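Engineer: Sequence:
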Amino acid sequence: MKAAAFPSKIANLSFPPGRCPLFFRSPAAFLSPALSSSISTPYRKLTRGRRGIEGFMSQSSSSQSLSSLSTSFSSQSESELLQAQSPSLKPKPPPQQFPWLIVGLGNPGKKFQGTRHNVGFEMVDALADAEGISMNTVNFKALFGKGVIGNIPIMLAKPQTFMNASGESVGQIVSFYKIPLKQVLVIYDDLDLPFGKLRLLPKGGHGGHNGMRSIIDRLKGSRDFPRLRIGIGRPPGKMDTANYVLRQFNKQEQQELDYTFQTGLEAIRIMLLEGFNKSATFVNTRKSMEQLS
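Heads up: the sequence shown begins at 105 in this note's numbering, then just goes up one per residue.
Hints in this document: simulated from the structure, not taken from any laboratory.
Keep in mind it's a predicted model, so treat the numbers as computed, not measured.
Be a bit skeptical, because a hint or two may be false.
[Stated by the list, open to error] Here are the simulated lysine-lysine pairs, BS3-like style, with alpha carbons at most 27 Å apart: (1) K250 <-> K286; (2) K282 <-> K324; (3) K382 <-> K286; (4) K250 <-> K307; (5) K196 <-> K214; (6) K342 <-> K324; (7) K324 <-> K250.
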């Protein structure tokens, strides 16, 4: 076929009614078998292309589903994270507050009231009176009372086991209430301090004091608890020590001792409310009544 005649043949072609125009039909219908077979491959490729588009659309739909699932999971994770961080769901319990145990050492009974060996008892009595704490309960082999100073809970105890077995009472209280030893203050008389002098220490040995020796033994040998020592001075001349510690105070000594107790009360309040170190500085640098006068 000549190139010049090809357009006229096309122009003379007629189409049956209802048929599509030429350019919307497959070219294979108007060409020779050889040419038709040569273009069949591209036609099939086009068909595969449509399937590819359908596959792409399917993949796109799957991708949208995955995206939706991912968004849902992300939103759920964020929600769970916010719930986990919300303090209203899991409030933290307040830290456990242990009471302070303040123990005064002495001997029970009227026979020993007002003697030098009982200044620990007298210091606790002065504290109970000042803070309005009743000491009428007998528990743990001691006269026992509970109260507060500021917002700090305290327990007061006067062991009734006699001095040399004071640890029986103190050990039971510490064990029952699980009180940390750093919150066990023991108040007792000390021969090695001048009369009326106070000394507050964070720990130490018994210094030959039988009551302190008993307490240390009952606390499994631990010496790591604070103590407030009240000076009663050395016996005059060649007086026996045992007789001296069981002597009562004269009028002048009692007046000075009352001043000492007031200082001790202030020291205990400072220790509970402001810390041990500040209290120790207050006590250990304090001058006695005799020095002030």
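Engineer: For every hint, state whether the structure bears it out.
Structural biologist: Against the structure, the hints come out as follows:
Using a Cα cut-off of 27 Å, the hinted pair K250 and K286 holds, with the two alpha carbons roughly 18 Å apart. At most 27 Å may separate the alpha-carbon atoms for a hinted pair to count; K282 and K324 meet this at roughly 14 Å. Only pairs whose Cα atoms come within 27 Å are accepted, and K382 paired with K286 is accepted, the gap being roughly 15 Å. For the given pair, K250 sits about 24 Å from K307 by alpha-carbon distance, which is consistent with the 27 Å threshold.
Pair hint K196 plus K214 does not hold up; C-alpha atoms about 51 Å apart against a cutoff of 27 Å. Among the hinted pairs, K342 with K324 is inconsistent with the structure: their alpha-carbon atoms are about 36 Å apart, more than 27 Å. The hinted pair formed by K324 and K250 meets the criterion: a straight-line CA distance of about 26 Å does not exceed 27 Å.
This entry does not satisfy hints 5, 6, going by the numbered hints stated previously.
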